[in-house]
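Protein chains: 2
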Amino acid sequence: MTHMPTTLPVSAADVDAAAAVVAPFAVRTPLLSAPVLNERIGTRVFLKPEMLQRTGSFKFRGAFNKLSSIPQDKRAGGVVAFSSGNHAQGVAAAAKILHMQATIVMPKDAPLLKRERTKSYGAEVVLYDRDREDREAIAREIAEKRGATLVKPYDDPLIIAGQGTAGREIAEDMATLGVTPDVVLAPASGGGLIAGVATAVKARFPSAEVIVAEPEAFDDHSLSLRAGKRERHQGSGRTICDALMAAIPGELTFTINSQLLSRGVVASDAEVGAAVAFAFNELKLVVEPGGAVGLAALLAGRIDTKDKTIVVVLSGGNVDADMFARLVA
Amino acid sequence: MTHMPTTLPVSAADVDAAAAVVAPFAVRTPLLSAPVLNERIGTRVFLKPEMLQRTGSFKFRGAFNKLSSIPQDKRAGGVVAFSSGNHAQGVAAAAKILHMQATIVMPKDAPLLKRERTKSYGAEVVLYDRDREDREAIAREIAEKRGATLVKPYDDPLIIAGQGTAGREIAEDMATLGVTPDVVLAPASGGGLIAGVATAVKARFPSAEVIVAEPEAFDDHSLSLRAGKRERHQGSGRTICDALMAAIPGELTFTINSQLLSRGVVASDAEVGAAVAFAFNELKLVVEPGGAVGLAALLAGRIDTKDKTIVVVLSGGNVDADMFARLVA
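Protein chains in written order, with this note's numbering: chain A, 1 to 329; chain B, 1 to 329.
The shape of chain A in the complex, shown without the other chains (with noise of 0.2 Å):
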């Protein structure tokens, strides 16, 4: 869809003021190309390398927007969020620049380089059982009891619009190479970055379409785009996609989606780890499985490419050695 209707809970505005908030403290990625990706797929494909933000993914742009616009009198009772991981950090690593104490809550089976990572922040990890307890409930406990502020992981304006800084160098960088993106390809769980992505990237080129990437199973995103509401995904058990297992899009973030996204596409495990590979063997990036959606369901041929220029954004890169070393073996 090409308008932009201006009652959506995030405007291209909202992440211009994110992107002030945020940008003395993230790093700026650079928008990468490779030869060997260009060559492989058949037409001109640029990377948005969120591995390489502050914390290892993109989470950081969203926590530190939304930590900052907490009024100083709110500030000693500290920040509560729940997160897999990336969040975790992201809140993590922003509350520590601005000297506020931070809960985590994190499940029990999280990656254990996430949750070290978390704490090395200076975090407060509190771990629960995925499939028997409420994290939200656990967090909101917390909150209460100690009258801390909860930092929802993707449905608040505040995050969205931080999460779309990302889009907005995309969009930035595009236009100084004076090059149209045709497709915008970025992986969801609960739908704050590609909602922000989508929100910076489709103000500038009302065009590009914006193509959410999900774990096969996990696809409650596509499933929600293709029925027009919020719809839980069928997915049980698990997949290596960690950062990817929200079960239902987010109500803003799919207020946002609904307008502004295509579609979604999907790439199995298997298919992720051979992205993850990839990117190990030819890009000498380490993206983590979550990260690597987009770029899988790209390498499956889900997306069609020809004489198309393709963004890819690689969310993060905070996969245990173990995991990755069976990946790229």
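A hint or two may mislead.
[What the hints assert, rightly or not] No more than 25 Å apart at the CA atoms, straight line, and that leaves these computed lysine to any residue pairs for SDA-like:
1. Lys96(A) with Asp307(B)
2. Lys308(B) with Lys119(B)
3. Lys108(B) with Gly273(B)
4. Lys108(A) with Asn281(B)
5. Lys119(A) with Lys96(B)
6. Lys96(B) with Glu39(A)
7. Lys119(B) with Leu98(B)
8. Lys145(A) with Arg115(A)
9. Lys108(B) with Asn281(A)
10. Lys108(A) with Ser120(A)
11. Lys119(A) with Ala274(B)
12. Lys119(A) with Gly42(B)
The set of hints was computed from the structure by calculation and includes no laboratory data. On a predicted model such as this, the values are computed, not experimentally measured, just so you know.
Fit chain B to the given chain A structure using the hints.
Quick look at chain B alone, frame taken from chain A:
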């Protein structure tokens, strides 16, 4: 030293000319910064990530510049090169673009990945025994028999000028940022990369100290700089830095390096392994051991960093998956 004699075999103008030749085909690698590295070192550090270059190392730059200079009537004979792996890939990839046949003489113990990647560019690979055979003699024989042009790995002004384009990009990007580099750190085997980088960087920033990083016991550049003449290193056996095993600096490269470099630093294999792991865990970049030796020296505290702006060249990322898994475990 801050003077730059006009008698050096490669000038900044030669690097400018090389940049015009290679720019349409080489990746213009970004200058990266990482808050986690700045915090760890306590100063401002920039990284030049040459693993993002075509073929996974800086070597494509020099090879493409050299091969482009071969007259049309000599191109039918093809090119021949000897290399432990990265120069091999650079020459093979440049030859493919220029529609020339490439034959590469590689040691039998070169990493499998480097052999396979060299073949993937269409080159013929001839293996030799590092301890018993003379690779230069083998390459010269092939050159004579086929009328091929021998492409030396470093001791050629066009190769040095090509590698220098990495330094030229560093200088351009630092100038754009308005930052003056105090120290530029790069690995050396034969010394072509650092000679080219020093030529370009010191032309723009004469006060910058350019420091060569080498594996412990393979420190022929450090020894030679101290002695004021080319000296062999005393290293026997192996280092994990397979790319950095040349026994003595090149003649042309040392003529340049003895004028432009300040000194050398070394890192042990254990320190190099730690740097590869740091790059994986914190920078999310795939660096091969030889490419990480400058970072290793920096992380090991071998550089006086107080109030200094440091640039580290990460020269390549062609590392076998099993070696990488061992180093990051």
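We went through each hint and held it up to the structure:
no. : hint                     : verdict
1   : Lys96(A) with Asp307(B)  : 24 Å, holds
2   : Lys308(B) with Lys119(B) : 43 Å, violated
3   : Lys108(B) with Gly273(B) : 23 Å, holds
4   : Lys108(A) with Asn281(B) : 21 Å, holds
5   : Lys119(A) with Lys96(B)  : 49 Å, violated
6   : Lys96(B) with Glu39(A)   : 13 Å, holds
7   : Lys119(B) with Leu98(B)  : 16 Å, holds
8   : Lys145(A) with Arg115(A) : 23 Å, holds
9   : Lys108(B) with Asn281(A) : 21 Å, holds
10  : Lys108(A) with Ser120(A) : 17 Å, holds
11  : Lys119(A) with Ala274(B) : 21 Å, holds
12  : Lys119(A) with Gly42(B)  : 21 Å, holds
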